[in-house]
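S.K.: Spelled out from the first residue to the last, the chains are:
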Amino acid sequence: MALKKEIVAQIAKLARLEVDESDLDLMCSELSQILAWVEQLEEVDIGSVPPMTSVIEMDLKFREDVVTDGNQADDVIANAPERDHHFFVVPKVIE
Amino acid sequence: MAAEESLIGLSIAEMRDGMRLGEFTAVDLAEAHIAAAESVRELGAYILETPERALEMAAASDARRSKNQIGTLEGIPLAIKDLFCTKGVGTTAASRILDGFVPSYESSVTTNLWRAGAVMTGKANMDEFAMGSSNMTSYFGHVQNPWRRVGDNQPVTPGGSSGGSAALVAANVVPGATGTDTGGSIRQPAAFCGVVGMKPTYGRCSRWGIIAFASSLDQAGPVTRTVRDAAILLRAMAGHDAKDSTSVDVAVPDYEAELSGDMRGLRVGIPKEYRVDGMPSEIEELWLEGADWLRRSGAEIIDISLPHTQYALPTYYIIAPAEASSNLARYDGVKYGLRIADDDLQVQYEKTRGAGFGAEVKRRIMIGTYVLSAGYYDAYYLRAQRVRSLIADDFNQAFEKVDVILTPTTPHQAFLLGEKLEDPVAMYLNDVFTVPSSLAGLPAISVPSGLSDNSLPLGLQLIAPAFREPTLFSVATSLESCAGFVSRPTIVAKKT
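Those protein sequence lines, which keep their order, are chains D and B.
Reading the first sequence from the start, the letters are residues 1 to 95 in my numbering.
Reading the second sequence from the start, the letters are residues 1 to 496 in my numbering.
For reference, chain B alone in the conformation it holds in the complex:
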């Protein structure tokens, strides 16, 4: 098989079928996607490309196939967010403090992927320690969204924190990538880059070997170009793991078999609290249109209320920094990572952490340290965990009336790189629609559904009850087919 052009831009399902029919091999795919990465390096979406490893893994995959040992992702090239520890391959969390760190172990999610036959093409760029919504906080440079606004060529943010993953998938550099989502870090960049991003139920994927940010919120999930591919990828990523006590021992369904898209009798909730002040009309219109698509496909649209929605963001910005300040205490310049040496151990800690962490990470460690400090714990952290119970209960009550909830993914289109950096709270408001479901541990998916008035992608989000990923994928399939989103970014990998 020679014509690499036909191998760039295929979906995971198409690659799987093409290899099954012998039209091309895993090595063909790896070679095409190595070249694809080289052609769009200006995006800054990889921290590390791993071409040798990709070719080695692809050759092993082809060898397995010749013996009829075929996994669900056999030979599929994937980018891995640089938050997943990969044995023998540098893993940085996009932070200076982990520059040069080479794990001696493999995360459980990536172990599952390699067992299913997938091929690693590289480690995707991200916001430092997954803290950010713009990909501006990476120590290794920012990522550009492959999309440009119509009429100007200014670089646009891919969103974050899984911005490298979303940009790589949007630009056809890989058909799929892993992401992690703590408050919207898969769904928001997916919406900004015009791709599908899915956060499963908390506990669905093992967190073992994923560098921790906020342990009660962190969850791995897929970034792909189609809903079907997200279903295929999640099935391979998910599963119980004895090494993560919060990973859930519930069988992983074959999500791909659940993509009927049959909306008849399905009840879709529209939460009134998601109509926020100052939301552009194009977001509101897309949301109404999305509800209309589902209605015409046979679903019943029901107005619902999630009364504590407005408190989700402040709740999140107490709980996530609190957990982060605790998790990031391990970076001390002793066991691994950066060390700024000093004769005094206390001073060495302070210098190492002062130099190793970026501004946003420090800000969150400071907030977390403050809200957990003596005398403030009850007023901040404990109160936030009580409000979190109320937010989760809002969803429980809503799901007595509806099967799935439809909202916009973000309150606006992608902003320019560098915008909003001066005002931390304005940046936090990016996640207003994604944070509530994160606090409640619920599965949610962003589906590219339309374009803004200056031609940037917009996403719609679906939220389902815990472990109802099959419902989510089925409704997402219907949304995807109604939206018929076929626009492509300005910058895509060159066909060779």
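Next up, chain D with everything else stripped away, as it sits in the complex:
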């Protein structure tokens, strides 16, 4: 299926990706090509086959609900682009 430019711009918005207006046409044709190619799955008779939910059959483990980690605020903020004490700094989002 051929994607419209507005749809590609909308996907970019959802994905929080800035895309230059000049790149939209190329992206449009590349994504359309990839989607047209994956759409061959429509011809597979999937009947009542269940979707795969676990690659290797196994039961998920349970553990005691106790604290096993923590108190590492210095490590957590060590790579932050901007920080103040033990806080991540972002632009003001609430007026």
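No wet-lab data here; the hints were simulated from the structure.
Don't take each hint at face value.
[Stated by the list, open to error] Covered stretches of chain D, as calculated for chain B (at least 3 residues, CB under 8 Å):
(1) 15-24
(2) 29-37
(3) 45-53
(4) 82-91
[Claimed, not checked] Pulled from the structure, derived: some chain B residues nowhere near chain D, Cβ distances all over 12 Å:
(5) 38
(6) 53
(7) 276
(8) 334
(9) 361
(10) 411
(11) 439
(12) 453
(13) 482
[Stated by the list, open to error] Within a straight-line C-alpha distance of at most 30 Å, the following computed DSBU-like cross-link-like pairs (lysine-lysine) qualify:
(14) B:351 - D:5
(15) B:420 - D:5
(16) D:92 - B:335
(17) B:351 - D:4
(18) B:335 - D:13
(19) D:61 - B:87
(20) D:92 - B:67
(21) B:401 - B:420
(22) B:420 - D:13
(23) B:351 - B:335
(24) D:61 - B:243
(25) D:13 - D:61
Think of the CB as a built atom: it goes at the ideal place given N, C-alpha and C, for glycine as much as any other residue.
Keeping the supplied structure of chain D fixed, place chain B upon it in accordance with the hints.
M.R.: This is chain B only, laid out in the frame that chain D set:
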């Protein structure tokens, strides 16, 4: 021990034995491999060399040895794909968005390696976020394959995404490296570079601390020059980890003890669907030859069918981008990594991610976002997961008749650097033989088995049922000894 020349090009097993006999030390090995890295920097295979850390770790290893504390990889130099978080050592996933990121924790796989005594020589280059089959998508420059075609000197792709790991091992810069494989990212570069690459069963190695691409497919594995070394390295990497709920609590066998290579009574399947249109005759011939080697070694060759093979790639290119778009949502310029500042938080996200991710990563995030968006989830993602069940079931049925499956690793030899970049789908077709087993979570190994008509390496792939790595290593040993692959690349580390 002075003659470093004898230390470059040794296998892990030979290094282990040499240190045991006191012929050389871990520090000797580290020094030789630091010099080796310097001699082939034009390959671009390391993002970061860590010589000081290597010497420090080697000295600690020698100290342990003097106290008779000897791990299974004691003193062995290894390169680590830059997808594994290494405490205090920059880790980038070859992306601008993580340029300068220094983890404050160590991945479980590398923790296991250091506990076994291994020595880190550096962080290997790769495709950005492990998305690619050419090593052209790295923010830190592309990697060159150390092999050249006969008669021309044009740079050849090492494959990807673990292309730096495969190139380093092929060029004798290290005897082994870690890789990760999501749809063929260990096996395809191993085939292109003439080395052994192994993807274990999903859940065999912990994914904790490995930067996530597609969580239901990602799996760590070894890249080495011999099958024995792959067995040694995997044993050290593997094991249950409470920090990864999909890591499997099954004891890790001593794979090296399983390398009998005894093929008698073994049933080897040849899937007819892997004869794809336009496959060069040299690939087909090598495949037939490989089957013949195993037959003459005592195996029974059986034709099998994996009927949904042709749907594996489109299935993969829905599931992997969907998981990637979700996993990569964390790169927001707030907690770590690149930030392109703006007064508006939404705009800051968009600018940061627009500048931080390369073209292929953006393409996959876009595809993933689209197939998961409201109204399309059932048509794309859910359908793909159903087809994935059919693909896994194909293998289940085949393994009622055979013990192992033999296929080519790639549908063609390594291409030139820069080829196929214009056409994303043509690039995706590289992984046609490796993706099906990834979707089914099965262990598979690529063994260098021959040369193309212009002298580039070609690999054969073996696929086994889940947790049958011992069978895989044993058949791979037989294949390796029949192939007798002794050719060396054009560019190898200088002996000093």
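S.K.: For each hint, tell me whether it holds in the structure or not.
M.R.: Right, here's what the structure says about each hint:
no., hint, in the structure
1, 15-24, "holds (count 5)"
2, 29-37, "holds (count 6)"
3, 45-53, "holds (count 6)"
4, 82-91, "holds (count 4)"
5, 38, "holds (29 Å)"
6, 53, "holds (19 Å)"
7, 276, "holds (15 Å)"
8, 334, "violated (5 Å)"
9, 361, "violated (10 Å)"
10, 411, "holds (16 Å)"
11, 439, "violated (8 Å)"
12, 453, "holds (30 Å)"
13, 482, "holds (31 Å)"
14, B:351 - D:5, "holds (20 Å)"
15, B:420 - D:5, "holds (25 Å)"
16, D:92 - B:335, "holds (16 Å)"
17, B:351 - D:4, "holds (23 Å)"
18, B:335 - D:13, "holds (21 Å)"
19, D:61 - B:87, "holds (27 Å)"
20, D:92 - B:67, "violated (58 Å)"
21, B:401 - B:420, "violated (38 Å)"
22, B:420 - D:13, "holds (29 Å)"
23, B:351 - B:335, "holds (15 Å)"
24, D:61 - B:243, "holds (11 Å)"
25, D:13 - D:61, "violated (38 Å)"
Checked against the numbered hints above, the structure breaks hints 8, 9, 11, 20, 21 and 25 and satisfies the rest.
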